[in-house]
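Those protein sequence lines, which keep their order, are chains V and W.
Note that the UniProt record's numbering has the first sequence beginning at 1, numbered continuously upward.
Note that the UniProt record's numbering has the second sequence beginning at 1, numbered continuously upward.
By construction, these hints were calculated from the structure, which means they are not laboratory data.
A few of these clues could be false.
A pair counts as met if it fits within one copy or between any two copies, since identical chains are not told apart.
Calculated lysine to any residue pairs in the SDA-like style (CA-CA distance at most 25 Å, straight line) [claimed, not checked]: (1) 234 to 444; (2) 320 to 58; (3) 189 to 43; (4) 98 to 80; (5) 344 to 287; (6) 327 to 55; (7) 47 to 58; (8) 331 to 319; (9) 57 to 322; (10) 77 to 93.
Remember, it's a predicted structure, so these values are computed and weren't measured experimentally.
Residue-level listing of the chains:
Protein chains: 2
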Amino acid sequence: MAKELTSRSENYSQWYQDLVIKADLAENSAVRGCMVIKPYGYAIWEKMQAELDRMFKETGHVNAYFPLFIPKSFFSKEADHVEGFAKECAVVTHYRLKNDEENGGVVVDPDAKLEEELIVRPTSETIIWNTYKNWIQSYRDLPILVNQWANVVRWEMRTRLFLRTAEFLWQEGHTAHATKDEAIEETEKIINVYADFAENFMAVPVVKGLKSANERFAGALETYSIEALMQDGKALQSGTSHFLGQNFAKAFDVTFATKEGKEDYVWATSWGVSTRLMGALIMAHSDDNGLVLPPKLAPYQVVIVPIYRKEEQLAEITEKVDEIIAKLKAKGISVKYDDRDTRKPGWKFAEYELKGVPVRLAMGPRDLENGTVEVARRDNLTKEVTSLDNIDEYVENLLEDIQQNIFKKAYDFRAENTRKADTWEEFKEILTTKGGFISAHWDGTPETEDLIKNETKATIRCMPLEYEEEEGKCIYSGKPSKRRVLFALAY
Amino acid sequence: MAKELTSRSENYSQWYQDLVIKADLAENSAVRGCMVIKPYGYAIWEKMQAELDRMFKETGHVNAYFPLFIPKSFFSKEADHVEGFAKECAVVTHYRLKNDEENGGVVVDPDAKLEEELIVRPTSETIIWNTYKNWIQSYRDLPILVNQWANVVRWEMRTRLFLRTAEFLWQEGHTAHATKDEAIEETEKIINVYADFAENFMAVPVVKGLKSANERFAGALETYSIEALMQDGKALQSGTSHFLGQNFAKAFDVTFATKEGKEDYVWATSWGVSTRLMGALIMAHSDDNGLVLPPKLAPYQVVIVPIYRKEEQLAEITEKVDEIIAKLKAKGISVKYDDRDTRKPGWKFAEYELKGVPVRLAMGPRDLENGTVEVARRDNLTKEVTSLDNIDEYVENLLEDIQQNIFKKAYDFRAENTRKADTWEEFKEILTTKGGFISAHWDGTPETEDLIKNETKATIRCMPLEYEEEEGKCIYSGKPSKRRVLFALAY
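Bound-form chain V, shown alone (with noise of 0.2 Å):
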């Protein structure tokens, strides 16, 4: 077969794309850095955006747009978010281009210099707080709860298709409130909706927590995130929802009166997921068949195979699968029929479980006879022969049963490869041998923490929410600590 996959044993990060390649998600673009998202890959972003947009106005959020262009002097403003992003940023710095047969052609033309560069956002947080300025007032203004769809900049020089990309699509939310609290209780609502969103809906079961200083996002006070395991044992930031205390009102003098009618600046909150979360739902479930996709998100839910010899039985399936169909279209399945006479059965079994739809119904005349049609589920790749008698019921709560398959074979993966160390030999060990989450304790210094970094590439992916006071020692210094955090190697 033309389209195999280099096998997860052999060489996973090949493997991973292969998959994204051969399955039609994105390729890499002529632009160093940029992918090109396919339709097939597009359509599982879109419902992951349809979901999460749901979930966001359900909170109270709503949509708006700010400009793609932040002019370089903002970005300057606050000190830790500038020092973050000033090594990956695309910079404009001209704006016409002019024909110069002299000099090969089309060039820039050098008397449309913009008077102040302006940078392609990596971030929209100087923007929109220079803008609030003037939405904010009084205490009445408050809370501003404005989540942005947008496309983002980095200029990474070691990119992976959706895990790491020069542009990337996200969501970026930005909150403004009037105390403290507030803020931290909306930065905690989000971490909850990302975690219900990544468990729910992409069957990836993650662990929240806090990110230590030296993983924090650049100009918050404290960063909360999911991480997610992936098959190869490292681990995977899925989402990050950022208590920024008062830095960006300070930054952008962002003032507001009290309801006692005092001054305070205003306290905020930003949180984003991009398309890297395809990257984590690809490598959550994936095989060496191909895609393993949750019926939550898959672009369509359900395929449905034609098998004849000659022409007039195609009919009479084509009829019988009008029904079959309406059916399940009735119960709000989704569903292809891939008719096409230009490519063979086997053919198309294969293209499928490469695109991971989870379930494939194939009907051939003896089916036809019987009344029954082959059910393959694309999660254990178990076949069966059923009734057509309430089959749309049947395909409905295989699709449940699927959903909640695969998130638990995710669950207990992480489960088996969630490991205590409790000594330095211990954790080195388990991270070169086994890999996977390793708790343990650390003695809360970012000092302790590079060295770690530096001596094995692991890093703390977070201080669990969810954690039991203990008393130990750190793995490392052998200083004392009262609870252990999670190490992983890392994407």
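Got chain V sorted already, so can you dock chain W onto it with the hints?
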């Protein structure tokens, strides 16, 4: 009232600007020519997007995403195309900032210069056709029916909120076909989709037609447009669909094996509508009191305002209002209940008039006693008191009636403001005293069109697809002509 608008008769342009800002639709940003689309404005755009996206999918299209940046060399491959866009291109030349205290802090790092400059896409034909080259080998790979929702940048010198901005949001369809006929059919299919959307959702009547050579898209063989008439008698081009022939296929060497085993260049179309539609929507219907929104695109179709003096009356009213809301929602009608105690009913009435909410319900103690509610419609500012029995059906019918009425008003306005001119004097007189569409004979040459434009600023908006053959003489040159075309001053 603080939010009073300039009247249309006083200064139409200022009225528009006031309205966009005071109705919280959009505002200018700190970045020259770029706007912030505020939540209320964005909610209307989201409704537009949802309907258009549904229509594109129903006609067989899928979404995808291509890079924001276009290498300068790609951009230059199609001669007319680069000629058309070169003067308004934002150019990325560097990819890093650095701290340089001697030169005033954060500066562009001169060592981080790109080898080849990147253009921020003003439209995506070039990057997309460079991609399609790899997607298309045989007729089996065709057609490709792809749409993209994206931001684009055109460095316009004179900008106006929604109507002409340096960055705007749009959709751009890019399709690839095996035959010329099929590509033309696609171009026409889309202009019909756009007209359907404009008339049946935006309630804006449009003329479908072909652009003259002067007004064609840079790189197209034929441009179809829909043209709407604003209340000041100026036309607004609201959507375009281009038949690109084989121009881009030739520029990017995209060939395919035909069914007959030959090699041919692929045929192309592209088509787009943008946030400019927001400008059309606002200008077509609104009045001196504010926005008038067609119910099908209103963020909320109904607002309910309680009228009360004592706190305990509010509780009773709210109980009854909750019943109404439940009934309306069951009909798929969107409702906002504004029970804020910080604003008086009169203030709220003016606010929702300004924001163009199609139907306002007001309920006071007497309504409670009588089982009635006051219903006000935004389009004609009439009110009546009606029984609460069947209020859901009443409102449902009313919304439909408002949608029709808004369209009819705009349709009648256009009919009254479309005039025939048979002499140059007549043409100039209509143009200067009345404006509107002028249907006149033209000799078909770009030269005459230019002369008319230079003398009057009027342009040929389109050669309507529906027309009668009629012998006549060009109003300017006196040369023979077989049909009338549509002139107007335009946005």
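Cross-check of the supplied hints:
1. 234 to 444: within (23 Å within a copy, 67 Å between copies)
2. 320 to 58: between (40 Å within a copy, 24 Å between copies)
3. 189 to 43: between (27 Å within a copy, 23 Å between copies)
4. 98 to 80: between (39 Å within a copy, 13 Å between copies)
5. 344 to 287: within (23 Å within a copy, 62 Å between copies)
6. 327 to 55: Between copies only: 24 Å across, 29 Å inside.
7. 47 to 58: both (17 Å within a copy, 17 Å between copies)
8. 331 to 319: within (19 Å within a copy, 35 Å between copies)
9. 57 to 322: between (36 Å within a copy, 20 Å between copies)
10. 77 to 93: This pair counts as both: shortest intra-copy Cα distance 20 Å, inter-copy 23 Å.
Hint check: no violations occur; every hint is consistent with the structure.
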